[in-house]
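> Spelled out from the first residue to the last, the chains are:
Protein chains: 2
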Amino acid sequence: MTELNRRTLLAGTAAATFAAAAGAAPVSAATPAADKQAPGIYRYKVGSLEVTVATDGARTFPLSDSFVLNAKKDEVNQALEAAYMPRDKMTIHFAPIVVNTGSKLVVIDTGNGEKSFAETKGETGHFLANLRAAGIDPQAVDTVVISHFHGDHVNGLLTADNKPAFAKAEVMVSATEWKFWMDDGEMSRAPQGRMADLFKNNRRVFDALGRKVTPYEWNKEVAPGITAVATIGHTPGHTSYVLASGNAKVYVQSDVTNHPDLFARHPGWHAFFDQDPAQAEETRRKVYDMIVAEKLAIQGFHYPFPGLGHLEKDGAGYRVVPAAWNPVL
Amino acid sequence: MTELNRRTLLAGTAAATFAAAAGAAPVSAATPAADKQAPGIYRYKVGSLEVTVATDGARTFPLSDSFVLNAKKDEVNQALEAAYMPRDKMTIHFAPIVVNTGSKLVVIDTGNGEKSFAETKGETGHFLANLRAAGIDPQAVDTVVISHFHGDHVNGLLTADNKPAFAKAEVMVSATEWKFWMDDGEMSRAPQGRMADLFKNNRRVFDALGRKVTPYEWNKEVAPGITAVATIGHTPGHTSYVLASGNAKVYVQSDVTNHPDLFARHPGWHAFFDQDPAQAEETRRKVYDMIVAEKLAIQGFHYPFPGLGHLEKDGAGYRVVPAAWNPVL
Numbered sequence: 044m045t046e047l048n049r050r051t052l053l054a055g056t057a058a059a060t061f062a063a064a065a066g067a068a069p070v071s072a073a074t075p076a077a078d079k080q081a082p083g084i085y086r087y088k089v090g091s092l093e094v095t096v097a098t099d100g101a102r103t104f105p106l107s108d109s110f111v112l113n114a115k116k117d118e119v120n121q122a123l124e125a126a127y128m129p130r131d132k133m134t135i136h137f138a139p140i141v142v143n144t145g146s147k148l149v150v151i152d153t154g155n156g157e158k159s160f161a162e163t164k165g166e167t168g169h170f171l172a173n174l175r176a177a178g179i180d181p182q183a184v185d186t187v188v189i190s191h192f193h194g195d196h197v198n199g200l201l202t203a204d205n206k207p208a209f210a211k212a213e214v215m216v217s218a219t220e221w222k223f224w225m226d227d228g229e230m231s232r233a234p235q236g237r238m239a240d241l242f243k244n245n246r247r248v249f250d251a252l253g254r255k256v257t258p259y260e261w262n263k264e265v266a267p268g269i270t271a272v273a274t275i276g277h278t279p280g281h282t283s284y285v286l287a288s289g290n291a292k293v294y295v296q297s298d299v300t301n302h303p304d305l306f307a308r309h310p311g312w313h314a315f316f317d318q319d320p321a322q323a324e325e326t327r328r329k330v331y332d333m334i335v336a337e338k339l340a341i342q343g344f345h346y347p348f349p350g351l352g353h354l355e356k357d358g359a360g361y362r363v364v365p366a367a368w369n370p371v372l
Numbered sequence: 044m045t046e047l048n049r050r051t052l053l054a055g056t057a058a059a060t061f062a063a064a065a066g067a068a069p070v071s072a073a074t075p076a077a078d079k080q081a082p083g084i085y086r087y088k089v090g091s092l093e094v095t096v097a098t099d100g101a102r103t104f105p106l107s108d109s110f111v112l113n114a115k116k117d118e119v120n121q122a123l124e125a126a127y128m129p130r131d132k133m134t135i136h137f138a139p140i141v142v143n144t145g146s147k148l149v150v151i152d153t154g155n156g157e158k159s160f161a162e163t164k165g166e167t168g169h170f171l172a173n174l175r176a177a178g179i180d181p182q183a184v185d186t187v188v189i190s191h192f193h194g195d196h197v198n199g200l201l202t203a204d205n206k207p208a209f210a211k212a213e214v215m216v217s218a219t220e221w222k223f224w225m226d227d228g229e230m231s232r233a234p235q236g237r238m239a240d241l242f243k244n245n246r247r248v249f250d251a252l253g254r255k256v257t258p259y260e261w262n263k264e265v266a267p268g269i270t271a272v273a274t275i276g277h278t279p280g281h282t283s284y285v286l287a288s289g290n291a292k293v294y295v296q297s298d299v300t301n302h303p304d305l306f307a308r309h310p311g312w313h314a315f316f317d318q319d320p321a322q323a324e325e326t327r328r329k330v331y332d333m334i335v336a337e338k339l340a341i342q343g344f345h346y347p348f349p350g351l352g353h354l355e356k357d358g359a360g361y362r363v364v365p366a367a368w369n370p371v372l
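Chains as they are written, first to last, in the working numbering: chain Y, 44 to 372; chain V, 44 to 372.
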């Protein structure tokens, strides 16, 4: 081991030199030294749009009895095993994207935030570091579009010291989502626990931004080539996006499903974080049937990185067929 | 576009600074500037073994009538469409790996070689640059293990100027493979065209190394935790590897199949580059049935990057279920 460590130390030094040169945050090396994972960044084109997927990480936690509201833990374990994942544990992936439209640099969702890096012992909070590793300066981002107001999508709006992570960007939010979470009456009626905490967290995040946001409406472009579409159920204002340029199209599904090996394979399963599970299921089936019929490419926030693929029907559910990694752009 | 180019130029400069610091070859940026793909590098553990997959790239070419010897072009096109790939084109991926055993740094197969970068207009020849991006110095490699003597596996033994790419490494080759390709009688009997060219290419490559190789036998370790196993048919000495440490195991299949969306889904199809197609099919079915039964993880040289997954039976064939990308090691 000694010889090997000496050898790989050299490479580590080179990586550190780069990290310093690029001003990358210390939370994640820009290039992997020995015993470090590679940065989770991947680029693809949608016509003239350039998409960069930059993972925020993944969280693994014990599988609770109520993770899927309407399935027994044993059924969920069977689905995990069928997907070659360990029993009794759940891993959730987080993959925000950046779209370079040619005139605008647009971030869609922001991950769990830099602060979560310490809180999760390095499981999440990688998005900003991965952006920098991808050669993208957060200060150069023009627009941040938020699909819905859960912590893994909005907390990355702030840095570890609660400053705006994208200081020069316009923050665009679903008008319906904004209305719901910022309404004092809704907040007062929220059950204690998770829902009340979400209301508090959203005020914490958006208050830090001086509540300076631009609400967007569905079926309109939030940026050139990026159209917001309603996919409600997971939250009241939950939004997906269609990226379109020339003949190319990608459906950015946000949280229409969480992990596809559970919720695409079993579209009738209700995740405990779906606010209106019946509506979420109706949306999921409608959107997935459309994507299968149109053979659309799909990008999933909670799909394993890089999260681009196609959907096909498989038995009573759907299966994600990941797109092949293209080694050149 | 102008504004965006100015903005991303900054990031490009940082990446160039790193490339210089790390001594990376200019063929592929160590980090992606704007309009560049991310380096195709991925790490995972097999017990105490650390595997780094570093893609050499992918080649796309027109689908010929004889690409699959025993299937019609239309059937192949149907398989391509079923995998959401374009008709009438074939893409072949190349993913060599490096195994850090703790005491040895072992490269398994070497890709198409640096020289192919110019020949393929940047499609392939990325392996050395990606190794460096992964913090691995080719001069630090102890052992290079070659699965079989096709150009996409051996040509990377040489740099663009025909020098040894891994100057300090012992080069280990299948004893059966070596005997076949270095035999003057076999060479004299080889049909003109592809087979004769392969004989010539192998002499070109191994002559440049002074024919200094260590032949290895099947069912023995080529390095600690890496056992060579016979998987003949594709070539007479074609070899796969079992990586094993503690309870963990990964089957490195080399070319038991080429692109899995064709040849795992249709194990009876004979690729034109299988030297003994019937034997290759027998090997393929035997190995894949074993991997399905044992639920082994599999790493495929021609699987899309990063090429790690599991196999399941699907109809008359097999389907690769890619492993989820782990954002931390």
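I should point out that these hints are in silico values taken from the structure, not numbers from a laboratory. If you're wondering where the values come from, they're calculated on a predicted model, not measured in any experiment. Errors might be hidden in some of the hints.
Stated by the list, open to error - For lysine-lysine, the following DSSO-like pairs were computed, each having C-alpha atoms within a straight-line distance of at most 27 Å:
| hint | chain 1 | residue 1 | chain 2 | residue 2 |
| --- | --- | --- | --- | --- |
| 1 | V | K88 | V | K255 |
| 2 | Y | K147 | V | K79 |
| 3 | V | K147 | Y | K338 |
| 4 | V | K356 | Y | K116 |
| 5 | V | K132 | Y | K132 |
| 6 | Y | K292 | V | K79 |
| 7 | Y | K211 | V | K79 |
| 8 | Y | K79 | V | K329 |
| 9 | Y | K115 | V | K211 |
| 10 | Y | K132 | V | K211 |
| 11 | Y | K88 | V | K263 |
| 12 | Y | K329 | Y | K263 |
| 13 | V | K132 | Y | K79 |
| 14 | Y | K132 | V | K329 |
| 15 | Y | K255 | Y | K292 |
| 16 | V | K263 | V | K164 |
| 17 | V | K88 | Y | K79 |
| 18 | Y | K338 | V | K329 |
| 19 | Y | K329 | Y | K222 |
| 20 | V | K356 | V | K292 |
| 21 | V | K88 | Y | K356 |
| 22 | Y | K164 | Y | K88 |
| 23 | Y | K164 | V | K329 |
| 24 | V | K115 | Y | K292 |
| 25 | Y | K79 | V | K79 |
| 26 | Y | K222 | Y | K88 |
| 27 | Y | K356 | V | K132 |
| 28 | Y | K88 | V | K338 |
| 29 | Y | K356 | V | K211 |
| 30 | Y | K88 | V | K115 |
| 31 | Y | K338 | V | K116 |
| 32 | V | K88 | V | K211 |
| 33 | Y | K115 | Y | K263 |
| 34 | Y | K164 | Y | K243 |
| 35 | V | K115 | V | K338 |
| 36 | Y | K79 | V | K292 |
| 37 | Y | K338 | V | K88 |
| 38 | V | K338 | Y | K116 |
| 39 | V | K88 | Y | K132 |
| 40 | Y | K356 | V | K116 |
> All the hints need checking, so say for each whether the structure fits it.
So, going through the hints one by one against the coordinates:
| no. | hint | result |
| --- | --- | --- |
| 1 | V:K88 - V:K255 | violated, 31 Å |
| 2 | Y:K147 - V:K79 | holds, 18 Å |
| 3 | V:K147 - Y:K338 | violated, 46 Å |
| 4 | V:K356 - Y:K116 | holds, 26 Å |
| 5 | V:K132 - Y:K132 | violated, 41 Å |
| 6 | Y:K292 - V:K79 | holds, 21 Å |
| 7 | Y:K211 - V:K79 | holds, 25 Å |
| 8 | Y:K79 - V:K329 | violated, 36 Å |
| 9 | Y:K115 - V:K211 | violated, 56 Å |
| 10 | Y:K132 - V:K211 | violated, 44 Å |
| 11 | Y:K88 - V:K263 | violated, 45 Å |
| 12 | Y:K329 - Y:K263 | holds, 20 Å |
| 13 | V:K132 - Y:K79 | violated, 36 Å |
| 14 | Y:K132 - V:K329 | violated, 33 Å |
| 15 | Y:K255 - Y:K292 | violated, 31 Å |
| 16 | V:K263 - V:K164 | violated, 39 Å |
| 17 | V:K88 - Y:K79 | holds, 11 Å |
| 18 | Y:K338 - V:K329 | violated, 34 Å |
| 19 | Y:K329 - Y:K222 | holds, 25 Å |
| 20 | V:K356 - V:K292 | holds, 20 Å |
| 21 | V:K88 - Y:K356 | violated, 33 Å |
| 22 | Y:K164 - Y:K88 | violated, 34 Å |
| 23 | Y:K164 - V:K329 | violated, 43 Å |
| 24 | V:K115 - Y:K292 | violated, 31 Å |
| 25 | Y:K79 - V:K79 | holds, 22 Å |
| 26 | Y:K222 - Y:K88 | violated, 34 Å |
| 27 | Y:K356 - V:K132 | holds, 25 Å |
| 28 | Y:K88 - V:K338 | violated, 35 Å |
| 29 | Y:K356 - V:K211 | violated, 51 Å |
| 30 | Y:K88 - V:K115 | violated, 32 Å |
| 31 | Y:K338 - V:K116 | holds, 22 Å |
| 32 | V:K88 - V:K211 | holds, 25 Å |
| 33 | Y:K115 - Y:K263 | violated, 40 Å |
| 34 | Y:K164 - Y:K243 | holds, 24 Å |
| 35 | V:K115 - V:K338 | violated, 32 Å |
| 36 | Y:K79 - V:K292 | holds, 21 Å |
| 37 | Y:K338 - V:K88 | violated, 35 Å |
| 38 | V:K338 - Y:K116 | holds, 22 Å |
| 39 | V:K88 - Y:K132 | holds, 19 Å |
| 40 | Y:K356 - V:K116 | holds, 26 Å |
The structure fails to meet hints 1, 3, 5, 8, 9, 10, 11, 13, 14, 15, 16, 18, 21, 22, 23, 24, 26, 28, 29, 30, 33, 35 and 37 from the earlier list, while all remaining hints are met.
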